[in-house]
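**Q** Order-wise, the sequence lines are chains B and F.
Mapping the first sequence onto our numbering, position 20 (from 1) lands on 2, and the numbers just tick up by one.
Whatever position you read off the second sequence (first residue = 1), add 15 for our numbering.
Among the hints, a few may not be true.
Below, computed lysine to aspartate or glutamate pairings styled on EDC-like, alpha-carbon distance capped at 16 Å [as the list claims (entries may be wrong)]:
id: 1; chain 1: F; residue 1: Lys31; chain 2: F; residue 2: Asp101
id: 2; chain 1: F; residue 1: Lys18; chain 2: F; residue 2: Glu41
id: 3; chain 1: F; residue 1: Lys53; chain 2: F; residue 2: Asp37
id: 4; chain 1: B; residue 1: Lys(-5); chain 2: B; residue 2: Asp67
id: 5; chain 1: B; residue 1: Lys8; chain 2: F; residue 2: Glu59
id: 6; chain 1: F; residue 1: Lys53; chain 2: B; residue 2: Asp67
Residues of chain B placed beyond 10 Å of chain F at every Cβ, according to the derived structure [claimed, not checked]:
id: 7; residue: Ser47
id: 8; residue: His49
id: 9; residue: Pro52
id: 10; residue: Thr94
The set of hints was computed from the structure by calculation and includes no laboratory data.
Every residue, glycine too, gets a C-beta built ideally from N, C-alpha and C.
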Amino acid sequence: DAGVTQSPTHLIKTRGQQVTLRCSPKSGHDTVSWYQQALGQGPQFIFQYYEEEERQRGNFPDRFSGHQYPNYSSELNVNALLLGDSALYLCASSLALYRDAEAFFGQGTRLTVV
Amino acid sequence: AQKVTQAQTEISVVEKEDVTLDCVYETRDTTYYLFWYKQPPSGELVFLIRRNSFDEQNEISGRYSWNFQKSTSSFNFTITASQVVDSAVYFCALGNISSGSARQLTFGSGTQLTVLP
Chain B
-17 DAGVTQSPTH LIKTRGQQVT LRCSPKSGHD TVSWYQQALG QGPQFIFQYY EEEERQRGNF
43 PDRFSGHQYP NYSSELNVNA LLLGDSALYL CASSLALYRD AEAFFGQGTR LTVV
Chain F
16 AQKVTQAQTE ISVVEKEDVT LDCVYETRDT TYYLFWYKQP PSGELVFLIR RNSFDEQNEI
76 SGRYSWNFQK STSSFNFTIT ASQVVDSAVY FCALGNISSG SARQLTFGSG TQLTVLP
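Just chain B, with the same shape it has in the complex (with noise of 0.2 Å):
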């Protein structure tokens, strides 16, 4: 039973670029969340996919933006990225049905903004 898989595990994109993130979640899976970790500190929550709609959301800008397929993956896209914005990012699938169950999360992407 394969978990939850994150691609690419590493990017570098130029300030200013924009990047797409791609999430698999887990087998069964059908809500999928992005957190973004900066070095040294802990996650901290961009939004929550489910039935393919935006359904939570964390303090981030407009720049940040996701959707979410029908299969339930899920993509990440940064606009006019920033070096601020380098940072593992993380993605996290859960099952909307069992509201108490924990998150399982990828390994990550980590993006590098030069």
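Use these hints to put chain F onto chain B, whose structure you have.
**A** Chain F alone, transformed into the frame defined by chain B:
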């Protein structure tokens, strides 16, 4: 607003010692979840334990135990007989039950645990 504080930035212990990681949280919610996650160098967050705010019973699971005290808003985590493989960053996290989740978590800044052989 929710907040999680992990005052211990780094801890070093010698193998087989017991170690306790501290966590203090703030929330206006009356019901919530508390979690501990482990992050090895590979980056993946590994779920360790979950506690609901309405259940203050403290438990032991293998070498892990936790002490949840709602009166002091603390959720401390203890590893008994530590092992080198326990070396990682440990995060305490707070989840909002009313928002459906477990899945929108507020994390602390983490504690780097190093277990020396």
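**Q** Is the Cβ of threonine 94 of chain B farther than 10 Å from every Cβ of chain F?
**A** Threonine 94 of chain B clear of chain F: closest Cβ-Cβ about 14 Å, beyond 10 Å.
**Q** Between lysine 31 of chain F and aspartate 101 of chain F, is the straight-line Cα distance small enough, at 16 Å or below?
**A** 11 Å, holds
**Q** Given the proposed pairing of lysine 53 of chain F with aspartate 37 of chain F, does the C-alpha separation stay at or below 16 Å?
**A** 14 Å, holds
**Q** Say whether it holds or is violated: proline 52 of chain B keeps its Cβ farther than 10 Å from all Cβ of chain F.
**A** Given that every Cβ of chain F is farther than 10 Å from that of proline 52 of chain B, nearest at about 20 Å, it holds.
**Q** If you draw a straight line from the CA of lysine 8 of chain B to the CA of glutamate 59 of chain F, is it 16 Å or shorter?
**A** 14 Å, holds
**Q** Holds or violated: are the alpha carbons of lysine 53 of chain F and aspartate 67 of chain B at most 16 Å from each other?
**A** 24 Å, violated
**Q** Given the hint that lysine -5 of chain B pairs with aspartate 67 of chain B, does the C-alpha gap stay at or below 16 Å?
**A** With a Cα-Cα distance of about 10 Å, the restraint between lysine -5 of chain B and aspartate 67 of chain B holds, given a limit of 16 Å.
**Q** When you check the alpha-carbon spacing of lysine 18 of chain F and glutamate 41 of chain F, does it fall within 16 Å?
**A** Given that 16 Å is the threshold and the Cα spacing comes to 5 Å, the pair holds.
**Q** Find the nearest Cβ of chain F to the Cβ of histidine 49 of chain B and say whether that gap is larger than 10 Å.
**A** Holds, since 18 Å exceeds 10 Å.
**Q** So serine 47 of chain B supposedly isn't at the interface. Is its beta-carbon more than 10 Å from every beta-carbon in chain F?
**A** 18 Å, holds
Hint 6 from the earlier list is the only one contradicted by this structure; the remaining hints agree with it.
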